[in-house]
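Colleague: Here are the chains, one letter per residue:
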Amino acid sequence: MENANKKTHITPYTTYLIVWIALLAFTSITVSVAGISLGNYTLVIALFIAAIKSALVINIFMHIKFEEKIFKVFLALSGMTLLIIFILTFTDFSFR
Amino acid sequence: MIHNENSNTHSHRDDTGAKMGMWLFLFTEVLLFGGMFLVYAVYRFQNQAQFHLAGMELNTTVGTINTIILLTSSLTVALAITAIQKNNKFLSMLFLSITLVFAIMFMVNKYFEWSTKISHGIYPGSEELLKKQNGEILFFGLYYVMTGLHGLHVIVGVVLLSIMMLLIYKDKINIDSYVKLENSGLYWHLVDLIWIFLFPLFYLIQ
Numbered sequence: 001m002e003n004a005n006k007k008t009h010i011t012p013y014t015t016y017l018i019v020w021i022a023l024l025a026f027t028s029i030t031v032s033v034a035g036i037s038l039g040n041y042t043l044v045i046a047l048f049i050a051a052i053k054s055a056l057v058i059n060i061f062m063h064i065k066f067e068e069k070i071f072k073v074f075l076a077l078s079g080m081t082l083l084i085i086f087i088l089t090f091t092d093f094s095f096r
Numbered sequence: 001m002i003h004n005e006n007s008n009t010h011s012h013r014d015d016t017g018a019k020m021g022m023w024l025f026l027f028t029e030v031l032l033f034g035g036m037f038l039v040y041a042v043y044r045f046q047n048q049a050q051f052h053l054a055g056m057e058l059n060t061t062v063g064t065i066n067t068i069i070l071l072t073s074s075l076t077v078a079l080a081i082t083a084i085q086k087n088n089k090f091l092s093m094l095f096l097s098i099t100l101v102f103a104i105m106f107m108v109n110k111y112f113e114w115s116t117k118i119s120h121g122i123y124p125g126s127e128e129l130l131k132k133q134n135g136e137i138l139f140f141g142l143y144y145v146m147t148g149l150h151g152l153h154v155i156v157g158v159v160l161l162s163i164m165m166l167l168i169y170k171d172k173i174n175i176d177s178y179v180k181l182e183n184s185g186l187y188w189h190l191v192d193l194i195w196i197f198l199f200p201l202f203y204l205i206q
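Protein chains in written order, with the numbering used here: chain U, 1 to 96; chain W, 1 to 206.
It is worth saying that the hints were derived from the structure and are not from the lab.
Every residue, glycine too, gets a C-beta built ideally from N, C-alpha and C.
Treat each hint with caution, since some may be false.
[As the list claims (entries may be wrong)] Cβ-to-Cβ under 10 Å is the rule here; a few derived chain W residues that face chain U:
hint	residue
1	TRP23
2	GLY34
3	GLN46
4	GLY63
5	MET146
6	GLU182
[What the hints assert, rightly or not] Calculated from the model, a selection of chain W residues having no Cβ within reach of chain U, i.e. all distances over 12 Å:
hint	residue
7	LEU26
8	VAL101
9	HIS153
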């Protein structure tokens with residue numbers, strides 16, 4: 001594998017701090033947006049921000065960005081599984 | 001199969017394998033919570049107005065404070081790993097103890113939040129709750145089950161991270177061997193990740 005000879009990746013303290021500040025910023029955005037009445041968009045925006053936040057946590061805090069490819073494949077597979085379960089359920093639910 | 005520099009110290013160790021195992025476990029956790037999110041999604045779709053009504057009763061401020069607490073505790077766990085990678089045992093233990101303090105703060109908040117709800121007569125099966133409409137009953141049922149299961153995970157995380165602190169203290173986790181700390185960190189981040197979705201879905205309904 002391509003990482004075999006590389007040194008272990010050590011994430012600097014500052015990287016984590018920046019990600020943390022970004023996470024807090026997104027939290028304040030999502031809280032303030034929730035205060036505005038945007039109808040159905042409120043949920044979409046809230047979930048979109050939650051998705052950005054989880055991408056930050058998964059990639060940097062959970063180190064996925066710096067892991068071998070197989071971890072990313074695992075992650076994609078489980079994400080797809082969950083997505084398929086959601087799509088199938090909602091298809092069934094909408095057409096019954 | 002894969003030999004990173006860590007495996008030099010112990011020929012029978014497979015850190016990549018250990019981490020892979022942890023990720024596989026995390027996926028089963030994702031499916032466990034995913035199923036609940038699915039139930040939430042369908043019921044919310046069916047009872048939009050009542051979910052909004054019930055959601056208004058949750059305290060957004062407490063939810064926001066708990067979000068900040070969990071995000072910060074995720075940061076300190078990540079920092080603890082960098083510290084041990086830089087051979088700073090003391091700093092790593094310090095970061096872990098801060099994480100534990102945050103985790104306990106989260107549970108204390110949760111305790112007061114639930115107590116308030118329960119003292120208002122809103123808990124699964126209560127007379128007060130059963131008088132409400134179906135959608136509201138479903139909302140509070142899901143609220144107790146999902147935040148409750150999440151809270152259980154926080155408690156497990158506290159136990160896990162305490163053990164890791166002890167292992168660092170005993171030099172069982174050190175600059176050459178820290179995959180246990182990494183895996184516990186992964187677990188803690190998952191707890192954070194689930195909260196990232198629980199928070200807007202329960203506390204930010206306006």
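Colleague: Next, verify each hint and record whether it holds.
Modeller: Okay, the hints, checked on the actual structure:
The restraint placing TRP23/W at the interface with chain U holds, with a minimum CB-CB distance near 6 Å, inside the 10 Å limit. For the restraint placing GLY34/W at the interface with chain U, the shortest Cβ-Cβ distance is roughly 5 Å, inside the 10 Å limit, so the hint holds. This hint holds: GLN46/W has a C-beta 9 Å from the nearest C-beta of chain U, less than the 10 Å allowed. For the restraint placing GLY63/W at the interface with chain U, the shortest Cβ-Cβ distance is roughly 9 Å, inside the 10 Å limit, so the hint holds.
About 14 Å separates the beta-carbon of MET146/W from the nearest beta-carbon of chain U, more than 10 Å, and the hint is not met. Hint on GLU182/W holds. Least Cβ distance to chain U is approximately 8 Å, under the 10 Å limit. For LEU26/W, the non-interface assignment is contradicted: its Cβ lies about 8 Å from the closest Cβ of chain U, within the 12 Å cut-off. The non-interface label for VAL101/W is consistent with chain U: the shortest C-beta to C-beta separation is roughly 16 Å, beyond 12 Å.
No Cβ of chain U approaches the Cβ of HIS153/W within 12 Å, the least distance being about 15 Å, so the stated non-interface status holds.
Consistency with the previously given hints fails for numbers 5, 7, ordered from lowest to highest.
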